[in-house]
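Asks: Protein chains in written order, with our numbering: chain A, 136 to 578; chain B, 30 to 565; chain C, -11 to 161.
Calculated directly from the structure, the hints in this document are not laboratory data. Heads up, the beta-carbon is just placed ideally off N, CA and C, and yes, glycines get one too. A few of these clues could be false.
Taking CB as the label site, the calculated pair distances span [unchecked claim]:
#1 P442/B x G145/C: 53 to 61 Å
#2 P110/C x P442/B: 42 to 50 Å
#3 D554/A x P69/C: 55 to 63 Å
#4 E79/C x K423/B: 22 to 30 Å
#5 Q49/B x E220/A: 45 to 53 Å
#6 K568/A x K152/B: 16 to 24 Å
#7 A108/C x E440/A: 56 to 64 Å
#8 A472/B x E79/C: 38 to 46 Å
#9 T438/A x I33/B: 53 to 61 Å
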Amino acid sequence: MATVNETKSNQQTSETKYLSEFYHLPEFKGIDGYKKNGGYVDLEKALKMQPQQIIDEVKASGLRGRGGAGFSTGMKWGFLPKNDEPRYLLCNADEGEPGTFKDRMMMEKAPHQLIEAMIISGYAINSKKSYIYVRGEYDESINTLTTAIQEAYKAGYLGKNILGSGFDHDMDVYRGAGAYICGEETGMISSLEGLKGQPKLKPPFPAVQGYLRKPTIVNNVETLAVVKYIIRDGAAAYKKYGTEKSTGTKLFSLSGNIIKPGNFEVPLGYPLKDMVYILGGGFKPGRKLKAVIPGGSSAPVLTAEEAEKATLDYECLAEMGTMLGSGAIIVIDDSACMVECLANLMHFYHHESCGQCTPCREGTGWLDKIVHSILSGKGRMQDIELLIKIADNMKGKTICALADAAALPVLSFVTKFRDEFEYFVREGKSKVKGVAYVADHTH
Amino acid sequence: MSPITLIKCTINGVELEVKQGKTIIEAMSENAQRIAHYCWHPGLSIAGVCRLCMVEIEGNPRVQIACNTVITEGMKINNTSAKVRDAVKWGLDFHLINHPLDCPVCDQAGECGLQDQYMEYGKYDPEMAERKQRKRKVVDLGPTIVLDSERCILCSRCVRFTSEITKTHELGIFSRGDHSEIGTHDGKPLDNKYSLNTVDICPVGALTSKDFRFKQRVWYLKDADTICNGCSTGCNTKVYFNKEGVFRVKPRVNMEVNGHWMCDEGRDTYKFVNKEVRLLKGQKFANGTWQAEMHAGAAVKDAHLALSQASGDSIAVVLTGQHTVEEYEAIVSTFNDKFKTKNVFHWVNNKESFESFDGLLLRGDKNPNTKGLLDVLAKHGISSQWKNLEEGLKSGKITHLVVFGPENLPVFPDLQQNLNIFATAKNLIYFTSAAIPQLKNHASSNQITLIPLKTYVEKDGTFVNFQGKAQSFKRATTIVSEALTGVEAAQLLAGSEIRIKQVTEKQLFTSAHERKDQVQLEHRKKNEFVFNRGRL
Amino acid sequence: MAVVTKNNDNAWYLPGIFTGLVITMKHLLKNLFNKKQMITLNYPEEKHEYSPRFKGNHILTVKKDGAIRCTACMLCATNCPADCIKITASEHPDAQVEKFPIAYEIDMLRCVFCGFCEEACPVDAIRLGPEWQTPGLNGANFIYDINQLAYRPALKGGIQSVLDDQDRHKAGI
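Chain A with its partners taken away, still in its complex shape (with noise of 0.2 Å):
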């Protein structure tokens, strides 16, 4: 498989296996398996520097945020109030954007590799108490979790006076009670705070008031866990891999009409098309490529041709208009209808909504209930613009960004595949799969 282009012609075609160095080992999981593997050795290490230097070493990193919008970890650290408030380190393992599965896996296979890479960030920004807000279906990375915490208590990686360096820190798990909205940083801290998990105005930002409105710093599991890994190789070490702007490697979880789904670990610049065709296996016979959803399901879709031509890192994507988010690559192939693509997404959305923001609320129903008339053959041919119309409409004008995931993949699915939403409500059937269906409207 030849590679994209020059500049990264040295681009290996097998994993990088760095944070998921050891998962294949059944023994990782627990403490013992976990330490023989080099585990919290560089808890001993980080709780030896000072917090502004694992700060410091983060910022240099260029680490980025792996849960969906990709802002910058040290920075987000560095906003936190000076004063030496109660600080809350909350893990945002409610992982509910379709198709992600990263930190499910995480969890499961090394839930000790989270745990210490959280007491290092926690020592960081001097925050005594951490959650992890873990999926309320992820019945078994919270008892993964649950355990494992209880070991670390008990080696005393956990609690007062750590290793004896005087920091003290607590760590609970907190399940989820199934909502996409609460994987929204502020929605996530209503629902810990007990209310309705729904977001909060911002500003104040988290960093500022966030957890029973003291500063609170929200970050990814996978963010998280990397931080561990900074500790060990240092900034420049870490920085070896990726692009320049995009540092490090990521996870990322294939999906879709591909022959081998997964989860993959490659260096952030890793052309889309390997992923696809190398390391997800490419197609059934017979089969091609349609499009690819590259960043879980809020993000714009990409077309075949662009998909040839992307790269997994940042930069390449936001050029293209769509976004690494959280790393779900959704693989679409020509036996699937787009207008039943959208429909499926916007039945979830629809269903996720919170009913805060007007603009969300309705919306999202709106737009459900447009592309559902389409798919039962009742649609109108201006439904189409009405579709974008209304998605253009909901976009940046809610308090959390659910409207815009809504709206993006509607704008991108209409104006890459046109043909096939007028085929649509002009035949009344599917261009692809050549029949309508009977919208359901119970929902």
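Model the placement of chains B and C on the given structure of chain A, informed by the hints.
Replies: Chains B and C only, in chain A's frame:
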């Protein structure tokens, strides 16, 4: 607190100086700039959910909400640009796509936020062709409020009101997405003493008051500013009335007294103002029977004759805290100077709870002007004890008793008991705005004269509230034109000839073509079979 | 009108008289032999039927179940230039109907039959029908109530409104 710093900003091309820390919407509403909004309310926290108060800030490519954006130095704000108007137009359309077309049956029609904004920002070309979301209608939320979930735009004002102002937390938003509904928890109805404020702050017709429901269309009502006479807090209010009477009371903003709110009890103060419960004519009880009704002026003239024959100490006056300062002044000085009596007594109702206070607005002293009365009495050096009155009546020392009775009877639990005491006077002259059926079956040789008084919505005056703050108000309407104000009564009692402008009943309460036989609510029975016809 | 004086000396009266008689006879004969085209009606035995669009006596329409269609929104009363409509609203036990008139009265003597009420009505509850007779003896009640407006015998059990709530709800409006 650091000293208040003023910062400069430009809103719609107008340069303004605002206090630091103000949000754009606060600055705009304080400077009379129009801005569409539903969820923002100056008395509540910021929710930022209606997304209607969009403004364009120079240097920011996206439109921002004005309610959660603090003004910074030199900010250039605009909410009249095409971009903002388009954003508001769509924001409004999102509110309306699932809103039912209930305007004909909705009580809010005419003062509805959605109607108002639609006139200015409406899309006028509906594109919603899908089925609307159905929700519950006519939900009984509690003893005072009815909810219509379909009309609700989920601005969460009412929820924030119960959690921030009353702190009773009855209301919440249940479900999510476009299934979201306002509701109460099982067995916990919305039942607090301030519940009707939620109706006021509801920008649409989702919450309606059971008391006012379907009584009038709001465009048939006029409003006038007045002061609530329900208790000594003296909330600033507005009464809504038409030719048929007064229909509701709503609060006015006065941050020094009541803020944005008023209590539910105060909203009932219109009920004793309307004709049905009023004393309309003067009437006299003499020689053991009630005589024919007479004009109020004639009745006062009689009273004047009776009083001028009595001597100083045999005359006593009873006052309640329900009248205005001007009236007290006129009455007390008349009796002081003209009739030379110092027997002026203060009738204190519900003594036990007189000093109580619920922490928000409601005070135990259910008179609007106790402080005013005490001031006037002190000014004239009067310090009569209530027991002197009782003794005086018992011993027959007091023969002529003039009582200015209360308007708001329900807050006088000792009414019957005191009326019995008053009736032992040889000649009782009872001024009252309320009809007193309790006196109707009276039988003794004593003489009683009932003379109609005007209520607080029918006169100008001043109330002094518990803080000692004097609040003047103007006449809102006239309901019983024959009734006298306390000032007029005092002047007539003193024997002066005054000219009272008479307004005929017809001029005031019935338009020229209203007929006596027009249907009243009682006619319901007559037509009952018609209404049940559909369900036979 | 200008008064025209003629010189009476030269006047011929008879031709004018005969012309008039001829016209009268012409109509008499025409009507005698062609009764069908006769314009005059034998009122009150015969009555003229106006077009259905004639603005005569008011009709309150009913729903499919026979209940009154009016929602007591009072727009007709607000719009009425003669102020002859008086409505008393009340709460309906059915939440879907919510509001209905317990009394709806029109003062027929005051009404100017302008049809504004019909135009203001958002739910096709009031119409001006083709009936035009409003007779009554001295002292008769010219204030029509619901019973008369919606269920008078001439309406044969009520005129159905074109706008039905049930249909609207089914259509999701």
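Asks: If you test the structure against every hint from before, which numbers come out violated?
Replies: The structure breaks hints 4, 5 and 6; every other hint is satisfied.
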